[in-house]
Amino acid sequence: MSEGYSDAPTVGLPGRVSIQGPGTPHDGDSHAHHPKLQHHFDDMEQQAEASTLGMWVFLVTEIMFFGGLFLAYAVYRSQYPTGFQEASAHLNVTLGAFNTAVLIFSSLTMAFAVRAAQTGEKPRSQIIWIVLTMILGATFLVVKYFEYKDKFTHHTVPGPSFVWDGQYPAAAEIFYSLYFCMTGLHALHMIIGLGIMTWLAIMAKKGTFNSTYYTPVEVSGLYWHFVDIVWIFLFPLLYLIGRHYHAG
Amino acid sequence: MSAGHVAPKSLYYLIFGALMIGTALTVGAAFVDMGALNNVVMLAIACTKALLVILFFMHVRWSSRLTWVIAASGFVWLLIMFGFTLADYMSRGWIQGTLR
Numbered sequence: 055m056s057e058g059y060s061d062a063p064t065v066g067l068p069g070r071v072s073i074q075g076p077g078t079p080h081d082g083d084s085h086a087h088h089p090k091l092q093h094h095f096d097d098m099e100q101q102a103e104a105s106t107l108g109m110w111v112f113l114v115t116e117i118m119f120f121g122g123l124f125l126a127y128a129v130y131r132s133q134y135p136t137g138f139q140e141a142s143a144h145l146n147v148t149l150g151a152f153n154t155a156v157l158i159f160s161s162l163t164m165a166f167a168v169r170a171a172q173t174g175e176k177p178r179s180q181i182i183w184i185v186l187t188m189i190l191g192a193t194f195l196v197v198k199y200f201e202y203k204d205k206f207t208h209h210t211v212p213g214p215s216f217v218w219d220g221q222y223p224a225a226a227e228i229f230y231s232l233y234f235c236m237t238g239l240h241a242l243h244m245i246i247g248l249g250i251m252t253w254l255a256i257m258a259k260k261g262t263f264n265s266t267y268y269t270p271v272e273v274s275g276l277y278w279h280f281v282d283i284v285w286i287f288l289f290p291l292l293y294l295i296g297r298h299y300h301a302g
Numbered sequence: 002m003s004a005g006h007v008a009p010k011s012l013y014y015l016i017f018g019a020l021m022i023g024t025a026l027t028v029g030a031a032f033v034d035m036g037a038l039n040n041v042v043m044l045a046i047a048c049t050k051a052l053l054v055i056l057f058f059m060h061v062r063w064s065s066r067l068t069w070v071i072a073a074s075g076f077v078w079l080l081i082m083f084g085f086t087l088a089d090y091m092s093r094g095w096i097q098g099t100l101r
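Residue numbers (this note's numbering), protein chains in the order written: chain G, 55 to 302; chain Z, 2 to 101.
Derived by calculation from the structure, the hints in this document are not laboratory data. Source: prediction; values computed, not measured. Mixed in with the good hints, there may be bad ones.
Simulated pairs of lysine to any residue, SDA-like, Cα-Cα distance not exceeding 25 Å [what the hints assert, rightly or not]: (1) 205/G x 192/G; (2) 198/G x 22/Z; (3) 90/G x 205/G; (4) 176/G x 14/Z; (5) 10/Z x 205/G; (6) 10/Z x 267/G.
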């Protein structure tokens with residue numbers, strides 16, 4: 055199937071052009087290879103390395119995505135330090151800490167899901183870890199729902215109906231704008247994560263993953279852990295800065 | 002190469018324990034008034050926790066040098082963004098007649 059190099063215009067389907075020069079040791083499909091190996095990679099190891107690296111590049115863009123919000127937080131907090139403390143004191147630290155623990159726990163189960171695929175454990179045990187991770191992720195979102203609901207009932211949602219009886223209503227409104235943007239974007243990532251986990255569980259059920267091929271689990275794990283890291287920073291910056299604030 | 006290395010389960014439990022202790026510490030420290038030091042302690046604990054997750058749960062500890070560079074570059078860009086923006090905001094009003 056190797057066309058080699060030619061000055062003549064390429065005919066046939068686009069994308070079928072081979073860039074292999076003469077003398078390249080690969081000769082197409084004539085030898086057996088792993089069914090999951092895409093033909094543009096040399097071997098499974100190179101393929102896995104490329105996928106992992108690609109995921110890291112994506113995560114770098116995600117760092118900058120969330121980074122913009124963290125920067126906005128830093129700028130406004132430096133302008134209204136006391137107002138932010140007052141606003142933060144109204145968040146429920148117990149729920150926040152509970153959710154932090156839930157997410158760390160889910161990172162552990164995710165690490166075990168990757169490990170189960172890596173060591174070629176039975177699909178059943180891979181699925182158990184994936185589903186456990188999903189349950190913990192869903193728990194986080196349910197707690198988040200009740201927290202949001204509480205904000206709506208107490209009118210601390212920025213907008214025309216925002217009510218604040220503290221000393222710094224303007225700063226509090228900025229704080230809660232950031233709170234909803236940052237936790238909202240984080241929650242969106244969690245929801246997407248749950249979708250990815252569902253897909254992983256289906257693939258695992260089909261017996262796709264074993265010690266020679268588990269890149270999707272590995273790469274999804276990277277995503278899940280990244281979302282956990284974002285929360286590791288969000289929790290103290292949003293929930294804990296007002297703990298020793300005394301009005302007056 | 003990350004693909005090859007299988008970390009023992011005990012290591013994952015250890016990291017999990019450290020992350021939980023870090024969470025407890027950061028909550029405890031928040032209730033103690035240390036002035037500006039509160040932020041330093043809070044961020045130091047958060048950065049340590051993030052580092053543990055990156056190195057062990059995300060397998061960077063056993064990854065290729067190229068992965069190290071890419072992962073680190075994320076934080077370098079972040080630092081540039083924070084550095085330049087905050088340098089602007091923090092220095093406003095230093096010169097008479099400029100915007101605050």
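Status of the hints after comparison with the structure:
no.: 1; hint: 205/G x 192/G; verdict: 20 Å, holds
no.: 2; hint: 198/G x 22/Z; verdict: 23 Å, holds
no.: 3; hint: 90/G x 205/G; verdict: 48 Å, violated
no.: 4; hint: 176/G x 14/Z; verdict: 22 Å, holds
no.: 5; hint: 10/Z x 205/G; verdict: 40 Å, violated
no.: 6; hint: 10/Z x 267/G; verdict: 20 Å, holds
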